[in-house]
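Peer 1: Following the hints, complete the assembly by docking chain B onto the known chain A.
Going down the list, the sequences are from chains A and B.
The opening residue of the first sequence carries number 1 in the working numbering; numbering runs sequentially from there.
The opening residue of the second sequence carries number 1 in the working numbering; numbering runs sequentially from there.
Just so you know, the hints here were simulated from the structure itself, not pulled from any lab data.
One should not assume that every hint holds.
Pairs count within a copy or across copies, as identical chains cannot be separated in the list.
[To be verified] As a list, the in silico PhoX-like pairs of lysine-lysine whose alpha-carbon atoms are at most 25 angstroms apart:
id, residue 1, residue 2
1, Lys196, Lys182
2, Lys44, Lys248
3, Lys70, Lys114
4, Lys160, Lys196
5, Lys33, Lys105
6, Lys281, Lys160
7, Lys196, Lys250
8, Lys105, Lys248
9, Lys13, Lys276
10, Lys114, Lys33
11, Lys250, Lys182
12, Lys70, Lys44
13, Lys13, Lys281
14, Lys262, Lys281
15, Lys262, Lys248
16, Lys114, Lys262
17, Lys281, Lys9
18, Lys281, Lys182
19, Lys196, Lys70
20, Lys114, Lys13
21, Lys250, Lys114
Number of protein chains: 2
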Amino acid sequence: MDYNGLYNKILSKQSFLCVGLDPDMSLIPTHLKQLEFPLFEFNKEIIDATAPYAVAFKLNLAFYECEGLKGWQQFEMTADYIRANYPDQFLIADAKRGDIGNTAKKYAAAFFEKNDFDAVTIAPYMGRDSVEPFLDYEGKWAIVLALTSNPSSSDFETLKISDNNNPLFKEVISRTMEWGTKDNIMFVCGATKAQKLTEIREICPENFLLVPGVGAQGGSVEEVSAYGMNNRCGLLINASRSVIFAYKDKKTGNNAGINFSKDAAEAAALLASEMKCALTKRGVTLQ
Amino acid sequence: MDYNGLYNKILSKQSFLCVGLDPDMSLIPTHLKQLEFPLFEFNKEIIDATAPYAVAFKLNLAFYECEGLKGWQQFEMTADYIRANYPDQFLIADAKRGDIGNTAKKYAAAFFEKNDFDAVTIAPYMGRDSVEPFLDYEGKWAIVLALTSNPSSSDFETLKISDNNNPLFKEVISRTMEWGTKDNIMFVCGATKAQKLTEIREICPENFLLVPGVGAQGGSVEEVSAYGMNNRCGLLINASRSVIFAYKDKKTGNNAGINFSKDAAEAAALLASEMKCALTKRGVTLQ
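Isolated chain A, as found in the complex (with noise of 0.2 angstroms):
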């Protein structure tokens, strides 16, 4: 899929919702935990409740590898099923890799051959060989780590640059964009820095950027929006814990879990009201 492939999507759907799919096992409902692939009977039901409302999803490898090889079985039944059954999903392995050419060359096919995914998350640090495998496919996406939305980021990503005295991440983003274009490249930039956006814009005006950290990390979609947006939207916002563990946050007892789907879509349809409004206010709308 392309820029304007995803531009499309959004605008048809009036949305920009990336659900995350992190199944931490030792938050999903208490009656699942029992059958022989809990993970994937979780993503499944948020799947199919959160779809309508969501134009991407994005798996995080971390949960899936920590429950070894079952783990990975589940990690790729869930990518399958989305495949199958929402094939204009933008589907995202978020999986921060980052290595040599040879080796990169090996997670680019991991992902986009056998798997199908549109895009994966790449991590930085060794530079453009690091990068460049993932651009070989037609269609496919690096998106490259820029200013994240933990705490730490500010060890080593807002570090200064002797040559022009910007912070690394900014370096990271000018370079990267040297590589590849805005129909290959978009850059993860944490909605707890929101306001950082209007600085980002100023060097990327034209990239999607992928926007974890709104909703269990603090960040909202309509500071995102007024920090981030450009008049084609170019935004995609992370929502997983808030979205998929909602359920949490209701005070129903011994019940507590059995409507996580629908307590899941009623945060996933709150979110995408709110970036309806959003493209509404920046004229991103169909005529």
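Peer 2: Only chain B this time, still in chain A's reference frame:
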């Protein structure tokens, strides 16, 4: 395993060789390709043949992930095989993971609980949050990327920081050292930049360095030892392709690959003998 444990192993074996198990499906001998678990069968023979010369094995996740579920299965089979048969080998998951705190915890669980690795390689871009969960395990290590062996390591790793005019990789080393100890933190420093090891030793005289890039990438044991060894060795030199695919350099016609493990053992033995010389030269020997 702690610092002394690793040092004693190196001392008794007079080798600091780490064999990189990157079983590229396109390079493994033809006669193995029709087996049910070709990567594992290949690894098993390589492990048996090279274990006498090595103190560590490093599994690069990309080469397993690109084979999908069956690849992950063979990754775990390989790790289990080493644990069961060579429990004294230091076992590294070359995963280059790095994510926000709650996710990094899951990655740590994947490699230290679900699997029984001694160490995981970590990408430092996202800062302290992404490293600390790996340090919460007694006797386990985080091996943090500092100066890597690939050509584009100059894109970001060597950018000078305004505060102190240090290159980024030195900043990564100094800050990371504050989060752990020499018993749980190593750094990845490429053999292709051997002379830089002198500068790195000025900042971290004691920490072990994991040095890839010997062999296929052009680095040498002699150079790495001259610039990077300390009084307790402090080095693990990794060789992957030049050992495990040594058979590719032999002109054996139709029999190519039949003796792949013997060829790997010879390549490993040669590196180990170079390492013994380097240890002797430095006086790191059993009294």
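Peer 1: Next step is simple, just say for each hint if it's right about the structure.
Peer 2: Each hint, compared with the structure:
no., hint, in the structure
1, Lys196 to Lys182, "within (20 angstroms within a copy, 36 angstroms between copies)"
2, Lys44 to Lys248, "within (18 angstroms within a copy, 46 angstroms between copies)"
3, Lys70 to Lys114, "both (17 angstroms within a copy, 11 angstroms between copies)"
4, Lys160 to Lys196, "both (15 angstroms within a copy, 23 angstroms between copies)"
5, Lys33 to Lys105, "between (36 angstroms within a copy, 21 angstroms between copies)"
6, Lys281 to Lys160, "neither (35 angstroms within a copy, 42 angstroms between copies)"
7, Lys196 to Lys250, "neither (33 angstroms within a copy, 56 angstroms between copies)"
8, Lys105 to Lys248, "between (40 angstroms within a copy, 21 angstroms between copies)"
9, Lys13 to Lys276, "within (9 angstroms within a copy, 66 angstroms between copies)"
10, Lys114 to Lys33, "between (28 angstroms within a copy, 18 angstroms between copies)"
11, Lys250 to Lys182, "neither (41 angstroms within a copy, 46 angstroms between copies)"
12, Lys70 to Lys44, "both (16 angstroms within a copy, 23 angstroms between copies)"
13, Lys13 to Lys281, "within (16 angstroms within a copy, 69 angstroms between copies)"
14, Lys262 to Lys281, "neither (29 angstroms within a copy, 69 angstroms between copies)"
15, Lys262 to Lys248, "within (12 angstroms within a copy, 57 angstroms between copies)"
16, Lys114 to Lys262, "neither (32 angstroms within a copy, 32 angstroms between copies)"
17, Lys281 to Lys9, "within (18 angstroms within a copy, 66 angstroms between copies)"
18, Lys281 to Lys182, "within (24 angstroms within a copy, 54 angstroms between copies)"
19, Lys196 to Lys70, "neither (40 angstroms within a copy, 43 angstroms between copies)"
20, Lys114 to Lys13, "neither (29 angstroms within a copy, 40 angstroms between copies)"
21, Lys250 to Lys114, "neither (39 angstroms within a copy, 32 angstroms between copies)"
The structure is inconsistent with the numbered hints 6, 7, 11, 14, 16, 19, 20, 21, although it conforms to all the rest.
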